[in-house]
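We have chain A already, so just place chain B on it with the hints.
Quick note, the sequences are listed as chains A and B, same order.
Sequence positions in the first sequence follow the numbering used here and run 1 to 147.
Sequence positions in the second sequence follow the numbering used here and run 148 to 515.
Calculated directly from the structure, the hints in this document are not laboratory data.
Treat each hint with caution, since some may be false.
Stated by the list, open to error - Below, a list of computed lysine-lysine pairs in the DSBU-like style, where the Cα atoms sit at most 35 Å apart:
1. Lys298/B x Lys146/A
2. Lys108/A x Lys365/B
3. Lys57/A x Lys362/B
4. Lys362/B x Lys48/A
5. Lys145/A x Lys60/A
6. Lys325/B x Lys78/A
7. Lys362/B x Lys78/A
8. Lys128/A x Lys57/A
9. Lys325/B x Lys132/A
10. Lys78/A x Lys37/A
11. Lys221/B x Lys108/A
12. Lys108/A x Lys330/B
13. Lys108/A x Lys89/A
14. Lys108/A x Lys60/A
15. Lys221/B x Lys100/A
16. Lys56/A x Lys362/B
17. Lys352/B x Lys78/A
18. Lys298/B x Lys132/A
19. Lys298/B x Lys108/A
20. Lys48/A x Lys221/B
21. Lys108/A x Lys325/B
22. Lys78/A x Lys34/A
23. Lys146/A x Lys57/A
24. Lys251/B x Lys150/B
25. Lys119/A x Lys60/A
26. Lys298/B x Lys78/A
27. Lys108/A x Lys352/B
28. Lys251/B x Lys57/A
29. Lys272/B x Lys352/B
30. Lys221/B x Lys119/A
31. Lys221/B x Lys128/A
32. Lys441/B x Lys146/A
33. Lys108/A x Lys362/B
34. Lys221/B x Lys37/A
35. Lys365/B x Lys325/B
36. Lys455/B x Lys337/B
37. Lys146/A x Lys362/B
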Amino acid sequence: MKNKYLTAWIIPILLLGASCKKQEKLSQVELAKKIQKTDLVGNWVPTKIETLFIDKKNQKTSRVDSSDYVKFYTPAYKFTSDQVNEDHKSWDYSVVISDKSNILEYLKFGVLQHYEILKLNSDQLILKSINKEESGIRTEVIYFKKN
Amino acid sequence: MKKIITFIIFLSLVISKLAYSQATIDFSTITYDPDFFNNSGCPTYHRFGPNPISVNGYNIRTVGSTSYTWNAPKDLSLYAWGNTETGQRCNAIVAVDYPFIANKTYIVELYGMNDHNWNNWVVPKDHYNGVFWIKLDNSPEITTNVANKCKESLSPVERTVGRYSKLVADRSIAFEMKTYSVKFSPLENKSSVKIIFDSSPIDPKVIIDNIFRLKTIKITEIPYEEDGPSYTASYTNVPRPRPWTSAYEIQGVVVRPTDGHAIPIKRETLNISSNQWISNGDNLGYSIYLSEIKSNIYVSEIISMSVKGDLIQDPRGGRPSQALIPLPGAYQNNNYTYQLVNGDILITLTNPTNTPPTAPVDFDFAYN
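In isolation and in its complexed conformation, chain A is listed as follows (with noise of 0.2 Å):
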């Protein structure tokens, strides 16, 4: 008796859990084809920086990982079909696809920005930054939900 109630839970709550699992996969296959600048509309407000560094003098790996007062270094970004805006500033920007990634392209005061879309959904932007400092390789993931 006991096992038939527990099977009449479960049952739903795995198929639940199945269909949840589908829609994201869903949304990461459409992100592996080619991001439309629709898709990235909206305010994104950063919630985590992962740093890792790679000191080019003795190869030591370093990792940051700041959830908290991220807003106060890194400015949130709003996104309109044409422009972004960071630190209270519009450029103009691109969507391209480099080797099966979309990159997203905006050249700030003239100099070109470069992120990697890690992963986009409905609620959730994560950009990837690779950076050849003179100390080393700095890598940054920023973590952003919408507004």
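Same frame as chain A, now just chain B:
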């Protein structure tokens, strides 16, 4: 022989340059270090803070509305906002440790991008720049009463000009690279320069939405040059209200040297045509500022001011000359007065018909 002389001149030029020190703090040269901000006093905010961080060998402290991002173009962004749509009001303070020595002169230069909280590349006419108060101080610590020195805030600012406090108020709101420069001639040693990017003047009608993307701070020592003897300044970053309101007055603090030199008196002539006079409103007459006729004249004291009247024949048979009618005074039914307003001269006229003069009027004035 010619070559030797050229070489000596070249050598003396090089030596004279080397004899005076120069410091450059270049925010674009900071190489990434994950621990860079650990000792700033704002480590979790990942930014400069009230504790010193060395940049190019000089200690830097900040309080208030600043940000620094590692992605190029690297700069220290300073925010001065007042009366923006969001209602927030903020300023930023940057302090640099530097040994300023008495009886030497220093040029402090700020180089960066003048930016606005405005998406289009044409700034609305009713949005204005903030100002830079640049001050020499005895302590590198930033004194403020704000609750959190790491967050956007508004610190109180002493709005005075003098030997140790200068004002830069730029009227040009265009998005462009700018170099702002001030000169200090301290009479006593000072240990730091404080750069306050502020949303002055405080006026509910003025919207200040300025961002300055600071690239470099340069301090150059040169031979002593006399400063003063008196100091006045204007908020030239915003249009001047008419009539003058106290919100725009800046207090001058005079610190006279013990062996001050006499300042030579300068003389100028102004020709004001009928259409240059601006109405002060109903029955309040007309007025004009000296700066609206001639730029780059700074007046600390008016020695004399006259309106040029009718031609007078020389009794000795020489060429006729115009009579000088001292102000306050009347000429052709117009009563003229003048006043010194923050380094500028305001000439006002009144008459029974409340109309501007029909013909051009000449003024003669002496000042220093």
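Evaluated hints:
{"no.": "1", "hint": "Lys298/B x Lys146/A", "verdict": "23 Å, holds"}
{"no.": "2", "hint": "Lys108/A x Lys365/B", "verdict": "25 Å, holds"}
{"no.": "3", "hint": "Lys57/A x Lys362/B", "verdict": "27 Å, holds"}
{"no.": "4", "hint": "Lys362/B x Lys48/A", "verdict": "27 Å, holds"}
{"no.": "5", "hint": "Lys145/A x Lys60/A", "verdict": "31 Å, holds"}
{"no.": "6", "hint": "Lys325/B x Lys78/A", "verdict": "28 Å, holds"}
{"no.": "7", "hint": "Lys362/B x Lys78/A", "verdict": "26 Å, holds"}
{"no.": "8", "hint": "Lys128/A x Lys57/A", "verdict": "24 Å, holds"}
{"no.": "9", "hint": "Lys325/B x Lys132/A", "verdict": "29 Å, holds"}
{"no.": "10", "hint": "Lys78/A x Lys37/A", "verdict": "12 Å, holds"}
{"no.": "11", "hint": "Lys221/B x Lys108/A", "verdict": "11 Å, holds"}
{"no.": "12", "hint": "Lys108/A x Lys330/B", "verdict": "33 Å, holds"}
{"no.": "13", "hint": "Lys108/A x Lys89/A", "verdict": "9 Å, holds"}
{"no.": "14", "hint": "Lys108/A x Lys60/A", "verdict": "31 Å, holds"}
{"no.": "15", "hint": "Lys221/B x Lys100/A", "verdict": "30 Å, holds"}
{"no.": "16", "hint": "Lys56/A x Lys362/B", "verdict": "26 Å, holds"}
{"no.": "17", "hint": "Lys352/B x Lys78/A", "verdict": "29 Å, holds"}
{"no.": "18", "hint": "Lys298/B x Lys132/A", "verdict": "29 Å, holds"}
{"no.": "19", "hint": "Lys298/B x Lys108/A", "verdict": "25 Å, holds"}
{"no.": "20", "hint": "Lys48/A x Lys221/B", "verdict": "21 Å, holds"}
{"no.": "21", "hint": "Lys108/A x Lys325/B", "verdict": "18 Å, holds"}
{"no.": "22", "hint": "Lys78/A x Lys34/A", "verdict": "20 Å, holds"}
{"no.": "23", "hint": "Lys146/A x Lys57/A", "verdict": "39 Å, violated"}
{"no.": "24", "hint": "Lys251/B x Lys150/B", "verdict": "34 Å, holds"}
{"no.": "25", "hint": "Lys119/A x Lys60/A", "verdict": "28 Å, holds"}
{"no.": "26", "hint": "Lys298/B x Lys78/A", "verdict": "22 Å, holds"}
{"no.": "27", "hint": "Lys108/A x Lys352/B", "verdict": "32 Å, holds"}
{"no.": "28", "hint": "Lys251/B x Lys57/A", "verdict": "42 Å, violated"}
{"no.": "29", "hint": "Lys272/B x Lys352/B", "verdict": "13 Å, holds"}
{"no.": "30", "hint": "Lys221/B x Lys119/A", "verdict": "27 Å, holds"}
{"no.": "31", "hint": "Lys221/B x Lys128/A", "verdict": "18 Å, holds"}
{"no.": "32", "hint": "Lys441/B x Lys146/A", "verdict": "54 Å, violated"}
{"no.": "33", "hint": "Lys108/A x Lys362/B", "verdict": "15 Å, holds"}
{"no.": "34", "hint": "Lys221/B x Lys37/A", "verdict": "27 Å, holds"}
{"no.": "35", "hint": "Lys365/B x Lys325/B", "verdict": "13 Å, holds"}
{"no.": "36", "hint": "Lys455/B x Lys337/B", "verdict": "48 Å, violated"}
{"no.": "37", "hint": "Lys146/A x Lys362/B", "verdict": "33 Å, holds"}
When the structure is compared with the earlier hints, violations turn up for hints 23, 28, 32 and 36 and for no others.
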